[in-house]
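Trainee: Required output: the full structure, derived from the provided sequences and hints.
Here's the letter readout for the chains.
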Amino acid sequence: MEMKYDRILIRYGEMTTKGKNRNIFVRRLKNNIARKLQAFPRIKIEYMRDRMYILLNGEPHEPIIDKLKTVFGIHSFSLAMKCENDLAAIKETALAAVRQLPYKGKTFKVSARRVDKQFPYRSDELNHEVGAHILRQTEDLTVNVRQPDIDVRIEVRQDGTYVTCHDIFGAGGLPVGTSGKAMLMLSGGIDSPVAGYLAMKRGLEIEAVHFFSPPFTSERAKQKVIDLVRKLTAYGGKIKLHIVPFTEVQQAIYQGVPNEYSLISTRRAMLKITDALRRRQRGLAIVTGESLGQVASQTLESMYVINEVTNTPVLRPLISMDKMEIIEIAKQIDTHDISILPYEDCCTIFTPRAPKTKPKKEKVLQHESQLDLAPLLEKAINETETIVIDEEAGQADEFTALF
Amino acid sequence: MIYLDNSATTKPFPEVIDSFVKVATDYFANPSSLHELGMKAERLLTQAREQIAAMLRVKANEVVFTSGGTEANNFAIKGVAWQYRRRGRHIITTEIEHPSVAEPCRQLEELGFEVTYLPVDRNGRVSAEQVERALRDDTILVSIMHVNNEVGTVQPIEEIGALLARYPKTLFHVDRVQGISKVPLDLKKAGVDLSTISAHKFHGLRGAGVLYVREGVRLTSLIAGGGQEMRLRSGTENVAAIVAMAKALRLAMERYEREIDRLKALKDEWRTALSTIPEIEINTPRDGAAPHIINFSLKRGMKPEVFVHELAKSGIYVSTTSACSSKKKAPSKTLVAMGLGEDRAERGIRVSLSFDNTSEEIAPAVAAMKQAIKTLSEVTG
Numbered sequence: 001m002e003m004k005y006d007r008i009l010i011r012y013g014e015m016t017t018k019g020k021n022r023n024i025f026v027r028r029l030k031n032n033i034a035r036k037l038q039a040f041p042r043i044k045i046e047y048m049r050d051r052m053y054i055l056l057n058g059e060p061h062e063p064i065i066d067k068l069k070t071v072f073g074i075h076s077f078s079l080a081m082k083c084e085n086d087l088a089a090i091k092e093t094a095l096a097a098v099r100q101l102p103y104k105g106k107t108f109k110v111s112a113r114r115v116d117k118q119f120p121y122r123s124d125e126l127n128h129e130v131g132a133h134i135l136r137q138t139e140d141l142t143v144n145v146r147q148p149d150i151d152v153r154i155e156v157r158q159d160g161t162y163v164t165c166h167d168i169f170g171a172g173g174l175p176v177g178t179s180g181k182a183m184l185m186l187s188g189g190i191d192s193p194v195a196g197y198l199a200m201k202r203g204l205e206i207e208a209v210h211f212f213s214p215p216f217t218s219e220r221a222k223q224k225v226i227d228l229v230r231k232l233t234a235y236g237g238k239i240k241l242h243i244v245p246f247t248e249v250q251q252a253i254y255q256g257v258p259n260e261y262s263l264i265s266t267r268r269a270m271l272k273i274t275d276a277l278r279r280r281q282r283g284l285a286i287v288t289g290e291s292l293g294q295v296a297s298q299t300l301e302s303m304y305v306i307n308e309v310t311n312t313p314v315l316r317p318l319i320s321m322d323k324m325e326i327i328e329i330a331k332q333i334d335t336h337d338i339s340i341l342p343y344e345d346c347c348t349i350f351t352p353r354a355p356k357t358k359p360k361k362e363k364v365l366q367h368e369s370q371l372d373l374a375p376l377l378e379k380a381i382n383e384t385e386t387i388v389i390d391e392e393a394g395q396a397d398e399f400t401a402l403f
Numbered sequence: 001m002i003y004l005d006n007s008a009t010t011k012p013f014p015e016v017i018d019s020f021v022k023v024a025t026d027y028f029a030n031p032s033s034l035h036e037l038g039m040k041a042e043r044l045l046t047q048a049r050e051q052i053a054a055m056l057r058v059k060a061n062e063v064v065f066t067s068g069g070t071e072a073n074n075f076a077i078k079g080v081a082w083q084y085r086r087r088g089r090h091i092i093t094t095e096i097e098h099p100s101v102a103e104p105c106r107q108l109e110e111l112g113f114e115v116t117y118l119p120v121d122r123n124g125r126v127s128a129e130q131v132e133r134a135l136r137d138d139t140i141l142v143s144i145m146h147v148n149n150e151v152g153t154v155q156p157i158e159e160i161g162a163l164l165a166r167y168p169k170t171l172f173h174v175d176r177v178q179g180i181s182k183v184p185l186d187l188k189k190a191g192v193d194l195s196t197i198s199a200h201k202f203h204g205l206r207g208a209g210v211l212y213v214r215e216g217v218r219l220t221s222l223i224a225g226g227g228q229e230m231r232l233r234s235g236t237e238n239v240a241a242i243v244a245m246a247k248a249l250r251l252a253m254e255r256y257e258r259e260i261d262r263l264k265a266l267k268d269e270w271r272t273a274l275s276t277i278p279e280i281e282i283n284t285p286r287d288g289a290a291p292h293i294i295n296f297s298l299k300r301g302m303k304p305e306v307f308v309h310e311l312a313k314s315g316i317y318v319s320t321t322s323a324c325s326s327k328k329k330a331p332s333k334t335l336v337a338m339g340l341g342e343d344r345a346e347r348g349i350r351v352s353l354s355f356d357n358t359s360e361e362i363a364p365a366v367a368a369m370k371q372a373i374k375t376l377s378e379v380t381g
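One line per chain: the protein sequences are A and B, in this order.
Residues in the first sequence are numbered from 1 upward in steps of one, following this note's numbering.
Residues in the second sequence are numbered from 1 upward in steps of one, following this note's numbering.
Check each hint, because a few of them may be wrong.
[Said to hold, decoys possible] In the DSBU-like style, the derived pairs of lysine-lysine whose C-alpha atoms are separated by at most 30 Å in a straight line are:
#1 LYS189(B) with LYS104(A)
#2 LYS303(B) with LYS333(B)
#3 LYS374(B) with LYS222(A)
#4 LYS78(B) with LYS22(B)
#5 LYS106(A) with LYS189(B)
#6 LYS238(A) with LYS20(A)
#7 LYS238(A) with LYS106(A)
#8 LYS22(B) with LYS67(A)
[To be verified] Pulled from the structure, derived: some chain B residues nowhere near chain A, Cβ distances all over 10 Å:
#9 GLU42
#10 ALA48
#11 SER67
#12 GLY112
#13 GLU114
#14 GLY227
#15 ALA246
#16 ARG271
#17 LEU274
#18 LYS303
[Said to hold, decoys possible] Part of the chain A face toward chain B, derived, beta carbon under 10 Å:
#19 GLU139
#20 ASP140
#21 PHE216
#22 SER218
#23 ARG220
#24 PHE403
Hint data in this document are derived by calculation from the structure and do not stem from the laboratory.
If you're wondering where the values come from, they're calculated on a predicted model, not measured in any experiment.
C-beta: ideal position from N, C-alpha, C; glycine also.
Mentor: Here you go:
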């Protein structure tokens with residue numbers, strides 16, 4: 001039988017912690033990968049402290065590679081072949097590994113590493129033997145030890161020899177779930193999904209919070225947020241989306257607070273509600289898509305007044321980014337095209353004509369003291385609808401049988 | 001009934017008809033309507049687009065729904081011609097394309113475009129070298145079918161795509177109507193810019209097709225109006241047929257995964273059985289052909305349309321060359337291009353299979369063919 005790549009070798013990302021924590025990281029990564037590759041029941045995942053192997057058992061490697069690119073905590077991975085620690089077997093395996101690539105007209109070198117010192121050939125002997133074999137058995141392939149197109153890496157370990165030819169970069173970061181849980185304030189715009197993505201990249205598990213103001217915002221706006229969350233599930237697995245009925249709170253603020261302060265008060269109310277949901281869901285932080293800018297809610301003065309409602313860490317992964325950089329990531333994670341759909345969300349609908357860019361905390365507090373918002377906030381929290389969104393299963397269950 | 005005319009159209013899967021009826025009954029709203037029912041129709045459209053994109057291994061925004069293969073082919077060719085007419089006015093295609101490619105090319109010739117029709121070899125195949133020789137500075141489009149609809153020859157799409165990767169100003173359109181769910185092709189890897197599929201060739205319903213338009217390729221719309229389909233193709237979307245198409249494609253691809261080896265073996269079996277009929281000559285090449293099409297020519301003097309009617313009496317359905325041209329009395333364009341001679345090309349018969357055909361059908365069908373040939377010989381003497 002023709003020899004084929006039979007496994008994928010995975011190198012961990014930035015998991016520098018030692019001991020028990022490391023085990024937690026590795027196990028979480030393994031679970032995240034297993035969940036991601038559910039559609040391939042024959043694979044088997046073996047893990048050790050410094051690397052992981054996915055045994056393909058006949059499953060196709062191309063779709064698996066595509067999926068692995070979205071798993072945080074992987075530094076890089078490679079298609080690999082395993083054989084016995086035997087020179088003839090290693091030669092044949094390395095040759096088979098090269099032959100599965102478009103090698104014609106390319107250059108190569110062999111880089112052997114002998115981890116198992118019992119193996120009778122030294123690394124440079126292996127390089128020479130295997131290199132000569134590949135050279136003899138192929139056409140139109142030459143050696144270049146400085147800058148080869150194909151680097152045939154051979155690792156002789158106690159449990160066998162592994163041959164890889166090509167490294168693919170992973171998504172980097174930390175395995176989702178290893179850094180704890182945070183609530184993501186998700187508006188439907190371009191920024192917040194990117195913030196959620198970056199939060200997950202650093203190992204956070206996220207639950208999304210969306211403020212919904214029917215009939216001022218349409219079902220389509222809600223659907224848009226559901227679609228955005230589904231895109232994020234490619235990185236985070238199942239994600240809970242909390243949809244907060246916000247109409248009454250918003251109307252109360254617009255009736256009771258002078259126009260130029262209403263935006264700030266609305267933001268404060270949103271943060272209060274999110275913080276309450278965070279407490280209920282046992283999260284430890286709130287993630288927002290804010291970056292520093294000149295528009296009303298993004299000046300430092302506004303942030304200061306809004307943030308005043310809670311001591312919970314508010315993480316702002318986009319704080320230092322330019323709009324173009326944010327758009328770039330949004331395109332890369334495929335949320336951009338959904339975000340730019342033109343449905344009104346609760347932020348745009350009541351935007352005052354001239355909001356304060358430098359609100360005074362005392363003024364805001366004074367205006368809000370005239371209102372009795374607490375019961376309305378309480379009601380919004382209690383009536384919040386929570387849906388769980390999964391990557392594979394569509395949320396639109398009534399449609400499932402149609403496809 | 002033994003249905004052997006699957007390249008003309010396939011029988012819709014029952015589950016596909018169920019989806020169509022359900023969508024047409026319950027989700028009949030216009031996807032552009034603001035209300036909730038409209039949103040559900042839009043949602044169905046989005047989900048269909050995502051499913052089809054995933055199966056073609058392309059992005060959802062690269063899937064444009066059309067009314068079928070003919071529209072998609074017209075759109076690809078004329079859309080490119082119009083959009084890039086200032087860049088150049090030369091198009092390369094082959095002598096064996098389906099009329100929905102060949103005719104738009106002729107129309108463009110009338111408008112001052114130049115079209116090179118590449119000849120094919122004895123097996124009905126063009127080569128990447130031929131394409132390379134025909135390329136010019138002003139070539140804006142190369143349009144080559146994946147699987148020929150008359151004889152089943154598979155064209156070297158990957159090689160041509162690799163060649164065209166060096167010519168970024170020349171777009172590459174591939175008519176995959178016969179290839180989809182029968183012969184795999186990775187559009188991205190093959191460097192394809194535009195590609196056509198049609199639902200009724202994979203057990204979907206007529207009235208729905210797809211033009212894959214690679215991100216970054218711009219096309220002039222042929223059908224202008226309300227701006228549906230990312231402003232590329234206006235007209236209220238045929239949601240029911242599109243959802244049915246998404247389901248049909250999923251089911252057909254599942255059948256491919258499970259049954260492609262069986263289909264290949266079935267075709268070989270058919271070939272062996274047909275070779276026991278001394279009065280016919282097989283035109284489909286032995287190698288490099290799709291697993292579902294076998295073309296043969298009847299003996300001199302036998303009228304293929306009479307043969308088709310004779311078989312239909314026994315409930316066996318085959319085709320004279322391609323169904324679209326079978327009402328005209330004309331030699332098969334592909335067989336002529338393969339150099340088999342006008343005469344032999346006029347007597348072509350096509351047997352085209354689907355995953356629903358079985359090997360139990362072969363013996364009775366071949367027996368009926370032999371009988372039909374006998375009857376025909378008696379009539380013509």
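Trainee: Now look at each hint and say whether the structure bears it out.
Mentor: Comparing the hints with the structure gives:
1. As the CA atoms of LYS189(B) and LYS104(A) are separated by approximately 17 Å, the hinted pair is consistent with the 30 Å bound.
2. Between LYS303(B) and LYS333(B) the CA atoms are separated by roughly 17 Å; this keeps the pair inside 30 Å, and the hint holds.
3. Distance hint between LYS374(B) and LYS222(A) is unfulfilled; the C-alpha atoms sit about 69 Å from each other, more than 30 Å.
4. Only pairs whose Cα atoms come within 30 Å are accepted, and LYS78(B) paired with LYS22(B) is rejected, the gap being roughly 35 Å.
5. A distance of roughly 19 Å separates the Cα atoms of LYS106(A) and LYS189(B); the hinted pair therefore holds under the 30 Å criterion.
6. For the given pair, LYS238(A) sits about 26 Å from LYS20(A) by alpha-carbon distance, which is consistent with the 30 Å threshold.
7. A C-alpha spacing of about 43 Å is found between LYS238(A) and LYS106(A), which places the hinted pair above 30 Å, so the restraint is violated.
8. The suggested pairing of LYS22(B) with LYS67(A) is violated, with an alpha-carbon distance near 33 Å, which exceeds 30 Å.
9. For GLU42(B), the non-interface assignment is contradicted: its Cβ lies about 8 Å from the closest Cβ of chain A, within the 10 Å cut-off.
10. Separation of ALA48(B) from chain A is inadequate, the least Cβ-Cβ distance of about 7 Å not exceeding the 10 Å criterion.
11. With 10 Å as the threshold on Cβ separation, the claim that SER67(B) sits away from chain A holds: the shortest Cβ distance comes to roughly 21 Å.
12. GLY112(B), annotated as away from the interface, keeps every beta carbon of chain A farther than 10 Å; the closest lies near 37 Å.
13. The claim that GLU114(B) lies off the interface holds: its Cβ sits roughly 34 Å from the closest Cβ of chain A, which is beyond the 10 Å cut-off.
14. The Cβ of GLY227(B) lies farther than 10 Å from every Cβ of chain A, with a closest approach of about 13 Å, so its non-interface assignment holds.
15. Residue-level check failed: ALA246(B) sits 6 Å from the nearest beta carbon of chain A, not beyond 10 Å.
16. Residue-level check passed: ARG271(B) sits 26 Å from the nearest beta carbon of chain A, beyond 10 Å.
17. Every CB of chain A lies more than 10 Å from the CB of LEU274(B), the least distance being 32 Å, so the non-interface label holds.
18. For LYS303(B), the condition that its CB be more than 10 Å from all CB atoms of chain A holds, with the nearest at approximately 46 Å.
19. Hint status for GLU139(A): violated, given a least beta-carbon distance of 18 Å to chain B, over 10 Å.
20. Using the Cβ-Cβ criterion of 10 Å, the hint placing ASP140(A) at the interface with chain B is not satisfied: the shortest such distance is roughly 16 Å.
21. Checking PHE216(A) against chain B: minimum C-beta separation of about 14 Å lies over 10 Å; hint violated.
22. With a least beta-carbon distance of about 7 Å to chain B, the hint placing SER218(A) at the interface is held under the 10 Å criterion.
23. Hint on ARG220(A) holds. Least Cβ distance to chain B is approximately 5 Å, under the 10 Å limit.
24. Contact between PHE403(A) and chain B, as hinted, is supported at the beta carbon level, the nearest pair being about 5 Å apart and thus within 10 Å.
Violated hints for the displayed structure, listed by number in ascending order: 3, 4, 7, 8, 9, 10, 15, 19, 20 and 21.
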